[in-house]
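Asks: This is what each chain is made of:
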Amino acid sequence: MKTLLSNARFAGVFVFALLLSACAQSPVLLDSTYESLTPQIENREVPFFAQSEYQCGPATLAMVLNYQGVDTSVDELIPQVFLPGRDGSVQPEMLATVRRHHQLAYPIRGTMDALLGHLEAGDPVVVMQNLSLPIYPMWHYAVAIGFDLPEETIVLRSGERKRHTLSFSRFDATWARSDRWGFIVANPGTLPEGITARNAVEAISAYEEAHGPKEALTSWQALVEHYPGDPLGQFALGNALYADGQPEKAIAAFETATQHDAYMGAAWLNLGILRLQQNKPEEARNALMQAASIEGSWQQRAQALLNDV
Amino acid sequence: MKTLRAYLSTLLIAALVITSLPVAAAPVSPQSMDLVSTQSVLVSDRAGSDRERINEILARADVQEQLIKQGVDLDEVDARVAALSDVEAQQMAQQLEQLPAGAGGGVIGALFAVFIILLITDILGLTDVYPFTR
Chain A
1 MKTLLSNARF AGVFVFALLL SACAQSPVLL DSTYESLTPQ IENREVPFFA
51 QSEYQCGPAT LAMVLNYQGV DTSVDELIPQ VFLPGRDGSV QPEMLATVRR
101 HHQLAYPIRG TMDALLGHLE AGDPVVVMQN LSLPIYPMWH YAVAIGFDLP
151 EETIVLRSGE RKRHTLSFSR FDATWARSDR WGFIVANPGT LPEGITARNA
201 VEAISAYEEA HGPKEALTSW QALVEHYPGD PLGQFALGNA LYADGQPEKA
251 IAAFETATQH DAYMGAAWLN LGILRLQQNK PEEARNALMQ AASIEGSWQQ
301 RAQALLNDV
Chain B
1 MKTLRAYLST LLIAALVITS LPVAAAPVSP QSMDLVSTQS VLVSDRAGSD
51 RERINEILAR ADVQEQLIKQ GVDLDEVDAR VAALSDVEAQ QMAQQLEQLP
101 AGAGGGVIGA LFAVFIILLI TDILGLTDVY PFTR
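Read top to bottom, the protein sequences are chains A and B.
Its first residue numbered 1, the first sequence is counted upward by one per residue in full-length UniProt numbering.
Its first residue numbered 1, the second sequence is counted upward by one per residue in full-length UniProt numbering.
Where hints are given, some of them may not hold.
Using 20 Å as the maximum straight-line C-alpha spacing, the simulated EDC-like pairs for lysine to aspartate or glutamate come out as follows [as the list claims (entries may be wrong)]:
1. Lys249/A <-> Asp34/B
2. Lys214/A <-> Glu193/A
3. Lys280/A <-> Asp34/B
4. Lys214/A <-> Asp34/B
5. Lys69/B <-> Asp87/A
6. Lys249/A <-> Glu215/A
7. Lys249/A <-> Glu225/A
Quick partial rundown of chain A residues pointing at chain B, CB under 7 Å, derived from the structure [said to hold, decoys possible]:
8. Asp87
9. Pro92
10. Met128
11. His211
12. Glu215
Computed Cβ-Cβ distance ranges for the label pairs, DEER-style [claimed, not checked]:
13. Met33/B <-> Ala50/A: 48 to 56 Å
14. Ala113/B <-> Asn199/A: 49 to 57 Å
15. Val114/B <-> Glu160/A: 20 to 28 Å
If you are wondering where the hints come from, they were derived from the structure by calculation, not from laboratory data.
Just so it is clear, CB atoms sit at the ideal spot from N, CA and C, and this is done for glycine as well.
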């Protein structure tokens with residue numbers, strides 16, 4: 001009986017170890033990442049704010065906001081982002097608080113390659129980790145500031161440690177548990193290198209909801225400069241230009257949007273409305289006819305305006 | 001609270017239906033010259049329509065209630081709700097309880113078994129709980 005028990009225990013430990021080793025693979029970086037990145041990089045300019053108790057959310061925000069030149073403190077951020085009932089801070093409010101301080105929060109693509117790329121460009125990245133296991137989570141925010149490629153280590157400003165160095169594999173294991181969630185804080189009118197068009201559109205649109213299209217104009221311009229072929233970006237730029245009192249440039253942006261996506265009914269409709277405002281019924285009719293022929297929420301309005309022309 | 005919500009939603013549905021009627025029913029009338037907003041295009045990318053708008057407005061009321069329940073300072077609640085985008089407000093309203101809350105406070109009062117497991121996973125490089133393992 002005794003040997004059976006010890007055998008069973010041995011088998012249990014063995015299976016457990018097997019399970020663990022199965023998921024303990026080091027993260028695969030693309031070969032191109034190894035070839036293209038500088039071996040070592042660290043942004044020492046990022047200020048450090050130590051967290052107290054459960055305040056890693058406010059502390060990370062204080063670091064990245066002050067780095068961008070926003071004058072704020074952990075004590076000021078606690079009432080803005082900390083949830084006493086949860087002993088922590090949640091992701092949507094992390095992003096929203098960044099915007100309250102008139103900065104943009106750009107989500108990054110959730111891969112190690114993307115993260116290292118941002119670090120090489122000098123942009124500190126706020127990352128969410130689960131330091132523990134999924135069954136006993138310990139959620140945590142930290143600021144990634146650098147890496148050492150030959151050593152395969154990443155450098156974080158984390159918790160009470162100003163410079164926390166850990167291996168790629170350990171970091172990626174903790175980061176993967178948040179689905180590799182992270183974001184970069186940037187001044188309005190700038191778009192950090194490597195942010196996808198879709199993520200940028202979402203981030204700037206959320207900023208626009210809070211501060212209005214005029215304040216978002218420079219950011220839309222930055223987006224279009226990076227991604228001139230993105231129809232949604234051109235469309236958004238058109239709206240911001242119009243709000244800023246530049247209807248001619250707005251028309252040009254809507255036209256560009258329709259050139260890149262001929263089925264973007266909303267852009268055709270806005271184009272038609274602006275042409276109507278300019279008393280150019282012929283050109284308005286063309287745009288409205290396009291809008292009315294494409295299925296979508298704009299169709300009805302386009303048809304109604306068309307009947308008026 | 002539940003009944004208040006029920007009233008509020010009926011009221012909102014009625015208000016939205018009434019305000020949208022003239023556009024739908026009277027094709028020949030002074031047309032609105034407002035442009036289609038970027039946000040409404042993004043929303044219709046996801047789901048769209050009036051139902052979505054009702055949900056958004058209800059979501060904010062919901063989030064406000066929940067933030068108060070979670071102990072957020074009353075002076076701050078309005079500003080925090082206002083800071084959320086529509087998408088974020090809905091996310092908060094639907095799943096605030098499930099959303100992970102970053103705290104990083106350490107495993108205090110953990111069971112001995114949990115302590116041992118995390119110690120092992122720390123040594124194996126899967127977790128990052130105890131600084132003394134490195």
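Asks: Which numbered hints does this structure break?
Replies: 2, 11, 12 and 14
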